[in-house]
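A.B. asks: Counted from 1, the sequence shown has number 43 at position 23 by our numbering; the numbering is strictly sequential.
No wet-lab data here; the hints were simulated from the structure.
Using N, Cα and C, we set each Cβ at its ideal position, and we do this for glycine too.
Just to be clear, a hint being listed does not mean it is correct.
Said to hold, decoys possible - Dumping the calculated DSSO-like pairs for lysine-lysine here, alpha-carbon to alpha-carbon at most 27 Å:
{"no.": "1", "residue 1": "Lys98", "residue 2": "Lys85"}
{"no.": "2", "residue 1": "Lys45", "residue 2": "Lys55"}
{"no.": "3", "residue 1": "Lys87", "residue 2": "Lys98"}
{"no.": "4", "residue 1": "Lys95", "residue 2": "Lys85"}
{"no.": "5", "residue 1": "Lys76", "residue 2": "Lys87"}
Unchecked claim - The following label-pair restraints were derived from C-beta to C-beta distances:
{"no.": "6", "residue 1": "Val63", "residue 2": "Lys85", "range": "24 to 32 Å"}
{"no.": "7", "residue 1": "Cys34", "residue 2": "Ile57", "range": "23 to 31 Å"}
{"no.": "8", "residue 1": "Asp71", "residue 2": "Arg25", "range": "36 to 44 Å"}
{"no.": "9", "residue 1": "Glu93", "residue 2": "Ile57", "range": "43 to 51 Å"}
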Amino acid sequence: MEYYREFFIVLSPCLILGFLAIVAKMLISAAKSRKGIAVAFGVMAQMLLPDPQVEKTIDTIIVAKRKVDEQEEQKDNKTG
Numbered sequence: 021m022e023y024y025r026e027f028f029i030v031l032s033p034c035l036i037l038g039f040l041a042i043v044a045k046m047l048i049s050a051a052k053s054r055k056g057i058a059v060a061f062g063v064m065a066q067m068l069l070p071d072p073q074v075e076k077t078i079d080t081i082i083v084a085k086r087k088v089d090e091q092e093e094q095k096d097n098k099t100g
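Model the full structure from these sequences, guided by the hints.
C.D. replies: Structure follows, in structure tokens:
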């Protein structure tokens, strides 16, 4: 019995990878046929998974807002 448990533990990464490959194949085929399950999964994944570029996105938004504020300030100085 102990031998089977060790064998399962050694093969578990391969089993997990195989399971994820099967799920990915099902989702890809569902997305190609434009089924709702693929869209729902994509939306849920986007909401729950962290964005690795979040700091870069925030910095970009701050810089863009500063430029808009400076342009408005210059426009006010020219008219006022």
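A.B. asks: Hints first: check each against the structure and report whether it holds.
C.D. replies: Results for each hint:
Proposed proximity of Lys98 and Lys85 is supported: the alpha carbons are some 20 Å apart, at most 27 Å. Distance restraint check for Lys45 and Lys55: the Cα-Cα separation of roughly 14 Å lies within the 27 Å cut-off, and the hinted pair is therefore satisfied. Proximity of Lys87 to Lys98 is assessed by CA-CA distance (about 16 Å); at most 27 Å being required, the pair is judged to hold. Restraint check for Lys95 and Lys85: satisfied, since their Cα atoms lie roughly 15 Å apart, inside the 27 Å limit.
Of the pairs offered as hints, the one joining Lys76 and Lys87 holds, with about 17 Å between alpha carbons and a cut-off of 27 Å not exceeded. Taken as a hint, the range 24 to 32 Å holds for the pair Val63 and Lys85, whose Cβ atoms sit roughly 28 Å apart. Between Cys34 and Ile57 the CB atoms are about 26 Å apart, so this pair conforms to the stated range of 23 to 31 Å. At roughly 39 Å, the beta carbons of Asp71 and Arg25 sit within the given window of 36 to 44 Å.
Between Glu93 and Ile57 the C-beta distance comes to about 50 Å, which sits within the given range of 43 to 51 Å.
When held up to the earlier numbered hints, the structure conflicts with none and fits them all.
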